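The whole structure should be built from the sequences, with the hints applied where relevant.
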Amino acid sequence: AQKVTQAQTEISVVEKEDVTLDCVYETRDTTYYLFWYKQPPSGELVFLIRRNSFDEQNEISGRYSWNFQKSTSSFNFTITASQVVDSAVYFCALSPDNYGQNFVFGPGTRLSVLP
Amino acid sequence: DVKVTQSSRYLVKRTGEKVFLECVQDMDHENMFWYRQDPGLGLRLIYFSYDVKMKEKGDIPEGYSVSREKKERFSLILESASTNQTSMYLCASSSPGDWRQKEAGYTFGSGTRLTVV
Chain F
988 AQKVTQAQTE ISVVEKEDVT LDCVYETRDT TYYLFWYKQP PSGELVFLIR RNSFDEQNEI
1048 SGRYSWNFQK STSSFNFTIT ASQVVDSAVY FCALSPDNYG QNFVFGPGTR LSVLP
Chain R
38 DVKVTQSSRY LVKRTGEKVF LECVQDMDHE NMFWYRQDPG LGLRLIYFSY DVKMKEKGDI
98 PEGYSVSREK KERFSLILES ASTNQTSMYL CASSSPGDWR QKEAGYTFGS GTRLTVV
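These protein sequence lines are chains F and R, in that order.
Residue numbers for the first sequence follow my numbering, beginning at 988 and rising by one.
Residue numbers for the second sequence follow my numbering, beginning at 38 and rising by one.
Hints listed in this document are in silico derivations from the structure and should not be mistaken for laboratory results.
Among the hints, erroneous ones may be present.
[What the hints assert, rightly or not] When the alpha-carbon atoms are kept at most 30 Å apart in a straight line, the in silico DSBU-like pairs for lysine-lysine are as follows:
1. R:Lys108 with R:Lys50
2. R:Lys50 with F:Lys1025
3. R:Lys55 with R:Lys94
4. R:Lys92 with F:Lys1025
5. R:Lys40 with R:Lys94
6. R:Lys92 with R:Lys108
7. R:Lys40 with R:Lys107
8. R:Lys108 with R:Lys94
9. R:Lys55 with R:Lys107
10. F:Lys1003 with R:Lys92
11. F:Lys1025 with R:Lys40
12. F:Lys990 with R:Lys94
13. F:Lys990 with R:Lys50
14. R:Lys55 with R:Lys92
15. R:Lys50 with R:Lys94
16. R:Lys40 with R:Lys108
17. R:Lys50 with F:Lys1057
18. F:Lys1057 with F:Lys1025
19. R:Lys108 with F:Lys1025
20. R:Lys94 with R:Lys107
21. R:Lys90 with R:Lys50
22. R:Lys90 with R:Lys107
23. R:Lys50 with R:Lys40
24. R:Lys55 with R:Lys40
Because the structure is a prediction, the values reported are computed rather than measured.
The structure is reproduced here in structure tokens:
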């Protein structure tokens, strides 16, 4: 069975602080995809990143970076120099390689960035 | 701009009513999904459809049904709404053909916040 755990329910930081959102996953598949989505107050889930299980390179995109470690089944997300606009709920998700028919989402982490 | 459109942003219905939540996508995607989002539980899959008139149960199908008469439209039906179905409902779509080539995975609608009183 697949499972995604996001142990942090809510995080509050002050603007310009760095913050890391944790994601731990469980799967027996050898090929799978990991995702991060952002859900701002408007409600729509916005895609941030996708990683396949064979690519453990860390990714940096502007203030966002991701650390994928298969050895610990983790796919953590760091926001550097956080901004108020980063306030949202962030979901980590896992999908087997079956053409997108099964996603498993974590419970989400609500990030509040205070001015 | 391609998108998934959910017809209602907010709905308030009475217990026992039959409720229809509509979702339309303009990307010619084969797969469509209905999720329910509750605090602390993340998104849970109710039903999905991989083709017109096809449907598969997700993790929590009880109390719900779906209809997919056209490729672009996927409807979620609450046969007799109950208060424990008060939630945020999210529709999503994806294409098997794009799955390995395109990064975004699912495309989501903005959600329908349903309150059953």
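Tested hints:
1. A threshold of 30 Å between alpha carbons decides the hint, and for R:Lys108 with R:Lys50 the separation of about 28 Å falls inside it, so the pair holds.
2. Proposed proximity of R:Lys50 and F:Lys1025 is supported: the alpha carbons are some 29 Å apart, at most 30 Å.
3. Distance restraint check for R:Lys55 and R:Lys94: the Cα-Cα separation of roughly 20 Å lies within the 30 Å cut-off, and the hinted pair is therefore satisfied.
4. Taking the CA atoms of R:Lys92 and F:Lys1025, the gap is about 28 Å. The hint holds against a cut of 30 Å.
5. Distance check on the hinted pair: R:Lys40 and R:Lys94 sit about 24 Å apart at the alpha-carbon level, within 30 Å; holds.
6. Among the hinted pairs, R:Lys92 with R:Lys108 is consistent with the structure: their alpha-carbon atoms are about 12 Å apart, no more than 30 Å.
7. For the proposed pair R:Lys40 and R:Lys107, the alpha carbon gap of about 17 Å is at most 30 Å, so the pair holds.
8. Using a Cα cut-off of 30 Å, the hinted pair R:Lys108 and R:Lys94 holds, with the two alpha carbons roughly 18 Å apart.
9. Taking the CA atoms of R:Lys55 and R:Lys107, the gap is near 21 Å; set against the 30 Å cutoff, the hint holds.
10. Pair hint F:Lys1003 plus R:Lys92 does not hold up; C-alpha atoms about 46 Å apart against a cutoff of 30 Å.
11. Proximity of F:Lys1025 to R:Lys40 is assessed by CA-CA distance (about 16 Å); at most 30 Å being required, the pair is judged to hold.
12. For the suggested pair F:Lys990 and R:Lys94, the alpha carbons sit about 18 Å apart, so the restraint of at most 30 Å is met.
13. At roughly 33 Å between alpha-carbon atoms, F:Lys990 and R:Lys50 are farther apart than 30 Å, so this suggested pair is violated.
14. Pair hint R:Lys55 plus R:Lys92 holds up; C-alpha atoms about 20 Å apart against a cutoff of 30 Å.
15. Between R:Lys50 and R:Lys94, the direct Cα distance comes to roughly 24 Å. Compliance with the 30 Å bound is thereby established for this hinted pair.
16. Under the criterion of a C-alpha separation no larger than 30 Å, the hint pairing R:Lys40 with R:Lys108 is consistent with the structure, at around 14 Å.
17. With a CA separation close to 46 Å, the supplied pair R:Lys50 and F:Lys1057 exceeds the 30 Å bound.
18. Between F:Lys1057 and F:Lys1025, the direct Cα distance comes to roughly 23 Å. Compliance with the 30 Å bound is thereby established for this hinted pair.
19. At most 30 Å may separate the alpha-carbon atoms for a hinted pair to count; R:Lys108 and F:Lys1025 meet this at roughly 27 Å.
20. Restraint check for R:Lys94 and R:Lys107: the C-alpha separation of about 19 Å stays at or below 30 Å, so the hint holds.
21. Between R:Lys90 and R:Lys50, the direct Cα distance comes to roughly 27 Å. Compliance with the 30 Å bound is thereby established for this hinted pair.
22. Taken as a hint, the R:Lys90 and R:Lys107 pair is honoured in the structure, with Cα atoms around 8 Å apart against an allowance of 30 Å.
23. Annotation: proposed proximity of R:Lys50 to R:Lys40 holds, straight-line Cα distance about 27 Å (limit 30 Å).
24. The suggested pairing of R:Lys55 with R:Lys40 holds, with an alpha-carbon distance near 27 Å, which does not exceed 30 Å.
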